[in-house]
Amino acid sequence: MQSNAALEYDYSIAKLFTYTTILFGILGMIVGTLIASQLAFPELNYLLGEYGTFSRLRPVHTTVVIFGFTLSGVFATFYYVAQRVLKVSMAESKFLMVIGKIHFWLYFVGALLATISLLLGFTAGKEYAQYEWPIDIVIVIVWVLWGVSLFGIIGIRREKSLYISLWYYIACFLGVAMLYLFNNMEVPTALVSGYGNIMHSVSMYSGTNDALVQWWWGHNAVAFVFTVPIVAMIYYFLPKESGQAIYSYKLSLLSFWGLMFVYLWAGSHHLLYSPVPDWMQTMGSIFSIVLILPSWGSAINMLLTMKGEWNQLTENPLIKFMVLASTFYMLSTLEGPIQAIKSVNAIAHFTDWIPGHVHDGVLGWVVFMIMAAIFHMTPRMFKREIYSRKLLESQFWLQTVAVVLYFTSMWIAGITQGMMWRAVDEYGNLMYSFIDTVTVLHPYYAIRALSGVLYLVGFLMFAFNIYKTITASKRLEEEPQFKTPMA
Amino acid sequence: MEIRELQAYANFFFTMFLVFLLYGYIVHLYRSEKKGERDYEKYADMALHDEISDAPVDVNPKTLDKKGKE
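From first to last, the protein sequence lines are chains A and B. The opening residue of the first sequence carries number 1 in this note's numbering; numbering runs sequentially from there. The opening residue of the second sequence carries number 1 in this note's numbering; numbering runs sequentially from there.
Bear in mind the hints are in silico, worked out from the structure with no lab data behind them. Since this is a predicted model, take the numbers as computed values, not measurements. The C-beta atom is built at its ideal place from N, Cα and C for all residues, glycine as well. Wrong hints could be hidden among the right ones.
[As the list claims (entries may be wrong)] Take a look, some chain B residues computed to stay more than 10 Å from chain A by CB distance:
no., residue
1, Met1
2, Glu2
3, Leu6
4, Phe13
5, Met16
6, Phe20
7, Tyr25
8, Tyr30
9, Lys35
10, Gly36
11, Glu37
12, Tyr43
13, Ala47
14, Asp54
[What the hints assert, rightly or not] With the Cβ distance kept under 8 Å, some of the chain A side facing chain B (calculated, not the full set):
no., residue
15, Tyr9
16, Ser89
17, Arg158
18, Tyr163
19, Pro239
20, Tyr249
21, Lys250
22, Leu254
Please take these sequences and the hints and turn them into a complete structure.
Spelled out as structure tokens, the structure:
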């Protein structure tokens, strides 16, 4: 015990990833708000020549928020949580510290290069897998380094059992490793043929096989980047912040294995009414509906953890962030399966309801959870209280209104669009041309752009609050056990 | 037997198998707690008492401390 008395957790790598979470969050959301505005006001496409068009910026937005913001948040919380639940400090292993630092710097430089490559127009043309092959190689190395950190720290742990959050981090690691590799199997054309740009490649799969592998990955990017590691976060941060033990550890076991089994089969719901085999489409639909069970299992476990302690919702704004996050998790994991039902999909497919669904998931669930995690970690990593509770509260309401505006406008826009595309007159002729739908949808696109501005302002308030916490807030004498102190 | 008929049987038995697996796992969790073999709920403490000086819920026999003492 004596040797432990001087020992402290080492947060240097968690801090670095916290900075990139905020940086990439701001960058990704600025681009997101800009492209949302471009859809409402097309003149905004011509601000920066070819680099400012919707088609260039859309993959920049999605990849920066997924692989920049969210993954930074995942790594930051991992380097914080893993040490604590395993009761071992990173500082106890020089090897792991070095690996952690290389992991961060390679990730950071790689992410910048990846973003620049997309701006320059190098793209593999697959959604959420746009990076060309040299970037893919860097990503694989970064991922392997994370694996070394992950299993390395587990290897030197004092706590024999692995806490729930770690199962989910491991699942994120393994899931992405497998799917990313398979979907990015590509042939660099210049190396094989001697012609063309060295960056360019073509997929190793063709036709519907390519589409199936793509959506096997595409949907599981949602599963293993936007769901699994975020569930890892809430399983640690909600109990820790509220001082309440998880309502049922057994339910968490059941939900975990349920989610792992079911999620991998659901991807083909992206290909309903396409030329892939019918049974595969049906399978995607069915597994999507079964998916409600394990998703709600985790979310209900979270809400029941607060049983008898709901007063904390008014006393501690961070509890409010996390309860709202798990509520949005429930909403989007119900909405997704509904969209995957074939008859609903006939209206929903290719409409604005789909980005509406994605964004109530990511803005309401992913971003809220990551921000709450950073608000919880910062006072402990920097030994200072949160700079301003008022700012935090106003940010919460501003962003909540923004999310509601986003998904309601996209629900209306999407269903209107779907109905107009399908409408026929008494002779069976289509009643509307494409431009008719665009005219009708304009106000909803404008509302979405507004919601983007509100959400971005909320995120800037978050960034400012964290910056002031680190630099100018009151110092803490000792680490708070549960509730995060704030001024 | 036609392929469609075979698929229907396969579907039915596979579904039954998965249902059996799911409920079997739940029964296993509760039974091993009732028999006193495992106490799953104590692991929730790992998040609440996570200071480096806190005692682990289950000590890992291969910890650094032990290695240090050898």
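Hints, one by one, checked against the model:
1. Met1: The assertion about Met1(B) holds, with a minimum of 18 Å to chain A.
2. Glu2: Non-interface label stands for Glu2(B): nearest chain A Cβ at 15 Å, farther than 10 Å.
3. Leu6: holds, 13 Å
4. Phe13: holds, 16 Å
5. Met16: Holds, because the least Cβ-Cβ distance between Met16(B) and chain A comes to about 15 Å, which exceeds 10 Å.
6. Phe20: Holds, because the least Cβ-Cβ distance between Phe20(B) and chain A comes to about 14 Å, which exceeds 10 Å.
7. Tyr25: violated, 7 Å
8. Tyr30: violated, 7 Å
9. Lys35: With a cut-off of 10 Å, Lys35(B) remains clear of chain A, as the shortest Cβ separation is near 14 Å.
10. Gly36: holds, 15 Å
11. Glu37: It holds; Glu37(B) is separated from chain A by about 14 Å at its closest Cβ, greater than 10 Å.
12. Tyr43: The claim breaks: Tyr43(B) does not keep its Cβ more than 10 Å from every Cβ of chain A (closest is about 5 Å).
13. Ala47: The claim is violated: Ala47(B) sits with its nearest Cβ about 5 Å from chain A, within 10 Å.
14. Asp54: violated, 7 Å
15. Tyr9: holds, 6 Å
16. Ser89: Hint holds; Ser89(A) Cβ to chain B Cβ min 6 Å, cut 8 Å.
17. Arg158: holds, 5 Å
18. Tyr163: With a minimum Cβ separation of about 4 Å from chain B (threshold 8 Å), the hint on Tyr163(A) holds.
19. Pro239: holds, 5 Å
20. Tyr249: At about 4 Å, which falls below the 8 Å cut-off, the nearest Cβ of chain B leaves the hint on Tyr249(A) intact, so it holds.
21. Lys250: holds, 5 Å
22. Leu254: holds, 6 Å
Checked against the numbered hints above, the structure breaks hints 7, 8, 12, 13 and 14 and satisfies the rest.
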